[in-house]
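Residue numbers (this note's numbering): 57 to 163.
Hints in this document: simulated from the structure, not taken from any laboratory.
It is possible that some hints are incorrect.
Capping the alpha-carbon separation at 30 Å, the derived lysine-lysine pairs in DSSO-like fashion look like this [to be verified]:
no., residue 1, residue 2
1, Lys148, Lys134
2, Lys88, Lys62
3, Lys60, Lys84
4, Lys84, Lys63
Derived DEER-like restraints, expressed as beta-carbon distance ranges [claimed, not checked]:
no., residue 1, residue 2, range
5, Lys88, Leu59, 16 to 22 Å
6, Glu152, Val129, 18 to 24 Å
7, Glu124, Ser90, 30 to 36 Å
8, Lys60, Lys88, 21 to 27 Å
9, Pro140, Ala85, 18 to 24 Å
It should be emphasised that the depicted structure is a prediction, and the values quoted were computed from it without experimental measurement.
For glycine and all other residues, C-beta sits at the position ideal for the given N, C-alpha and C.
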Amino acid sequence: MKLKWKKGDTVIYPQHGACVVLNIKRMKAFGKTSDYLILRTVINEMTLSIPVEQISAVGVRPPVSSSELQDLVSVLSKADPRVPANWSRRFKNHQEKLKSGDVYQVA
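Could you build all of it, start to finish, from the sequences and the hints given here?
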């Protein structure tokens, strides 16, 4: 699989936020040897290792562009009429949106 990122690139990992690509490394885990994307979170400098074949499934993506940022600002300025009144449903709803990795769902 051809990776679109290289050492030093910034990516977004759902629920962890901005990360820097440290390396792409071949490692053995659970009896299987695979290539892993090694990331360091920007906020708390935690190291994450993601199997290359799972990158799309976990939602790793590039940061939003300037034009996407403008779109997101307009989305965020509008009220969401679909917000559940019950706090536990709201919490579950927010968790699902964060896990999706889709900036428009999160907004």
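Whether the CB-CB distance between Glu124 and Ser90 falls inside 30 to 36 Å: 31 Å Cβ-Cβ, so the 30 to 36 Å window holds.
Holds or violated: Lys88 to Lys62, with C-alpha atoms at most 30 Å apart: At roughly 23 Å apart (the allowed maximum being 30 Å), Lys62 and Lys88 satisfy the hint.
Hinted pair Lys60 and Lys84, Cα distance within 30 Å: holds, 22 Å
Ala85 and Pro140 - C-beta distance against the hinted 18 to 24 Å: violated, 39 Å
Proposed proximity, Lys63 with Lys84 (alpha carbon, max 30 Å): With Cα atoms ~21 Å apart, Lys84 and Lys63 stay inside 30 Å; holds.
Distance restraint hint 18 to 24 Å, applied to the beta-carbon atoms of Glu152 and Val129: holds, 23 Å
Restraint status (C-alpha distance of Lys148 to Lys134 at most 30 Å): OK: Lys148 and Lys134 at ~21 Å, within 30 Å.
Cβ distance range 16 to 22 Å for Lys88 and Leu59, holds or violated: holds, 19 Å
Cβ distance range 21 to 27 Å for Lys60 and Lys88, holds or violated: With a Cβ separation near 23 Å, Lys60 and Lys88 satisfy 21 to 27 Å, so the hint holds.
When each numbered hint is compared with the structure, a violation occurs for hint 9 only.
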